[in-house]
Amino acid sequence: MKINNILNFTTRSILSVGIAMCLAVSVPTYAAELKIQVQSDFGQLDPAFWASQSDRNVIHAIYPKLIEFKSSKNWEWQLSSAESIEQIDELTIKFTLKPGLMWTNGYGEVSAEDVEYSFERFLNEDLAAPNAGDWSPLKDVEVLDKYSGLIHLKEPFAPIWWSTLPYTGGAILSKKAMEEMGGKFTTDPKVTAGPYKIESWEQGQRTVLVAHDGWNGEAPAFDRLELIPINDPKLAEVAFKAGQVDITQVAISSVPGMQASLSDDELLEVRPSADYFWLGLNAENTNLKDARVREAIKKAIDVEAIIEGAYFGIPERSTGLVAPGLIGHSEEAQPPRDVAGAKALLADAGITSLNLELELQNSTDEQTAALIIQSNLAEIGVNLQLNVHESGTFWSLGDEKGVNMQMTLKTFTSPPDPAWSTQWFLEGQAGIWNWEWFKNAEYEKLHYAALSETDFGKRAEMYEQMQKLMDESHSFVWLIHPPLARVYKSSINPGLMPNGDYKLQDFATAN
Amino acid sequence: MLAYAIQRIIVSILIIILAVTALFVMIQFVPGDPANVMLGPRATPELKEALRERLHLNDAFIVQVYYFFSGLMQGDLGVDLTSNRPVLGILIEQAPFTASLVASTLLVTLLGIPIGTYAAVHRDGFFDKASGVVSVSLIAVPPIVIGLYLILFFSVSLQLLPAIGAGEGFWEILLHLVLPTLAIGLTWIGYVSRLVRASMIEVLGQNHVKTARAFGIPNQRILRAYVLRVALPATITVLGVSIGFILSSAVIVEIVFSRPGIGKLMYDAVISRNYPVVMGTVLASTVFIVTATTISDLLNVMLDPRTKDEN
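Respectively, the protein sequence lines represent chains A and B.
Be aware that the first sequence starts at 0, since it is given in numbering that gives the first Met the number 0, and climbs by one per residue.
Be aware that the second sequence starts at 0, since it is given in numbering that gives the first Met the number 0, and climbs by one per residue.
Keep in mind that the hints were calculated from the coordinates and are not lab data.
Computed from a predicted model, the values in this text were never measured in an experiment.
Glycine residues also receive a C-beta, built at the ideal position from the N, C-alpha and C atoms.
Which stretches of chain B does chain A cover? Using the computed rule of at least three CB atoms under 8 Å from a CB of chain A, they are:
#, stretch
1, 146 to 157
2, 247 to 257
Pairs of lysine to aspartate or glutamate residues, derived as EDC-like cross-links and limited to a Cα-Cα distance of at most 16 Å, are as follows:
#, chain 1, residue 1, chain 2, residue 2
3, B, K47, A, E124
4, A, K400, B, D32
5, A, K34, B, E167
6, B, K47, A, D125
7, B, K47, A, D398
8, A, K175, A, E112
Let's have the full structure, built from the sequences with the hints guiding it.
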C-alpha cells in the first residue's frame, strides 16, 4: 500500500513537473521582440497622475493622442490619431480623429466623446490631479460628431502645443471603461488604444507590451517589447554586455570607456536632456543677501573644470534654464571664470573670509562637482562645507532649512515647454521649490504673459528675457543640461524623443 | 515540549510587535515627505495636505501605531503610495522571489556540513588546510563583491548565466537563481564548514566517541550516530540565525542582480519614502526571521533536550 502511494505520488510529481515545463516552454513566440532597460517600474499610468520617466514611456505607447512628438533631435510634432487639427482662433482648436481606431477588450471605436472625457477630467476637482495644470486653461471640449470636436480654452495657452497635446496630457482614455472604473485607476487601465497594449506587468521584473491590432496608425516594427527595470546605469551596462537587454542607458562616466571599446554591433548615442543642473545661491540668506557676494561666487566657479572633472567633458556648458531645442533657449554664452573680479567684489563687500554650506545629493558626479566648487571658492577665501544627502532627505530640505539654506546643487526635470521650468522660480514658490528665493516682478509678469503668447518669436524673446533677469540676480550658476547616454545593438534603430525619452512605437530595425 | 513551543511562539509575537513599533519610532526621525513622493512636484500644497491627512501623517505617533495595528488585524497593510495598490498584495507577489533565494542559499550553505566533517575527520590533511584557506577567504569577502565578480565572469565574459532578473519558466528561474545564491551562499559555506569542523573535532575527542571506537563500532556509524548528532545543534542554531543575515544580504544581492523581491522592494521604498511599503516589508522580514529562529530553537530542543533549559 505504502509503495503504491509512493509510486502514485512520484507519478503525480513527474507529471506536474512535466506539465509545468511544457507550460514554461509554450510561451507564445513573436516575430520581433526587443528587451529595453528602463530606470524603474511604472507607478502611475493615469495621465493626470504620472510622475516618472518610466510612467511617461508607457503612457506614450499605450494611449492614442491627437498629435505626438517625432522621434528626432528637434521638438517637432506630427499628427497621430488625429486626421487633422488646427487652431481656429486663440481660444479654439478643431480636431478630427482618424476613423477605425479601436479600444482593446471590445470597447468599440475611439470617438470625440472619449477625447472630451479625457481632457475635461483634468478639471474635475474631486479627481485632485497633480497634473491638472496641463489643462488649467481648458473651458470644455465640444463634440461635433463621432470623430470631430472643438477644444475651447478660457485664455490663450501656448504650451498646449508643446507640453499638453503631444505629451502625457494629450493621452485619450476610454470614457466607457473609465466610468466603469469609477473615473480613476493607477496601474491597470483595463482598456487602451495606443500602438501597444500591456500584456503583463510583474512588478520589479518586467513589463511586457505587445502590438495592439486595433491601432490604425503605422504598425510598430516590434511585436513585443519587454521593459526591464534596472535602476543603476552601471548594472544596466553589465546587463547589456551580458546580452540581456538590447538597449540601455549608460552612466556618463562610462561614455569615454565605452566609446573606446564599442564592438561592431554596438552603437552609443548621447543626447542633452531638457533637464537643467545648476548651483543655486539663496538670496534671502544672511550670508548671501549681498548681491556682490553672490556675483563673486558666480565669477569664481570654473564651470568648464566641473564639466571636465565630473562629466568627462561630454556636455556643453548651459546658457540658462532652457535647454537647446526648446523655445526660448538662450544662445548667449555665460561669462568665463574671473578670480580677480571675484576677489575684488568680495573686497568691495568688505568680506575677507566667509564660511558657507553647500547641500547636494550623494551621486558621484554631484560630489565631484561640489569638490571642484569647494576648491574654486577656497581661492577667493570662501570656506565651503559640503553637506551630502541621499535624495529623500535632500528634497525635503526646503521645508526643513527654509532661508537658512545657503547653496544647493540641483537638477530639475523639464517637459518640452519652458513654462514648466520658469514656474518654479515664481515668488509663490520661494522656499517650496524656489530655494534661491528669487523674486522679480518683471519675471512674474513675463511668465504669465508667455503662457498666453501664441506668437512663437515673441514668446521666445520673453523666455530669453526671463533668463537674463535670473542671471542679473546672481543667484544661479548654470552648469549643464545633463546628457542622456544610451548604448544599443546596431541591429536596431531606437525611437528616441529629443530629450532621450523612449518613444517605444518608433523602435525599428536598422537598415 | 509543547509548553516550551507555546512560550517560544508568544515571545516571537512580542518581538514582532516591538520591532514594528521601533520602526514607527525610527520613521518619525527620517526626513522626507511621502506626499511629495506620491503627488510629485506639480501638486498643490492643498493636495499634499489632503494626502497627509488621509495617510494619518499629521496624527500623533501613537495614533499612527494604532491605525497600523488595527489595519494589520484586518489584513490591511495600507497602500503603496506610488501605485495605490494594496501593500499586502505586493508583498505576496514579491515574497516568492526572496523566499526562493533564501531557500536556495540555505541549501547551498548545507554544503558546509560535509566539507567541515571531511576536514575534521582528515584534520591537518591537504583538504583540511585548503578548505580552511578558501573558507576564511570567502568569509572575508562581502556578498556584493562576490556578486559583481560572478556577474563579470559568468555573465559578461562567459555569457553562461543570466546577470539580472528572476526569469520565467522552471529552468529559467533556476538559472537566474544560481549567481545570486552563490553570491550570498559562498560566504556561508565557508562559515558553516569552519563551524562544523570545530564542533566535530571537539566531539571526536570526547569519551563517548573513544568508548565507541574501543567497542569496534565502524567509523561511519560513529560519525553519524555519536559525533554529528552532538555537533549539529550548534550548526542548526547558526543556520537559524543565518536566515536573518541571508535576508539582509538578499537586499543587496537583489539590487546587484536587479531581482524582484522583498529586499529590492524595501530598498526602493526607503529611497522614495514610501512608508506603507517600508512597514510592510519590514514586517514581512521580521516575521520571516523570527519564525526561522523559533523553528531552529525548537529543532535544537528536539535534537538535544538539554538546550531547552539553556534557552
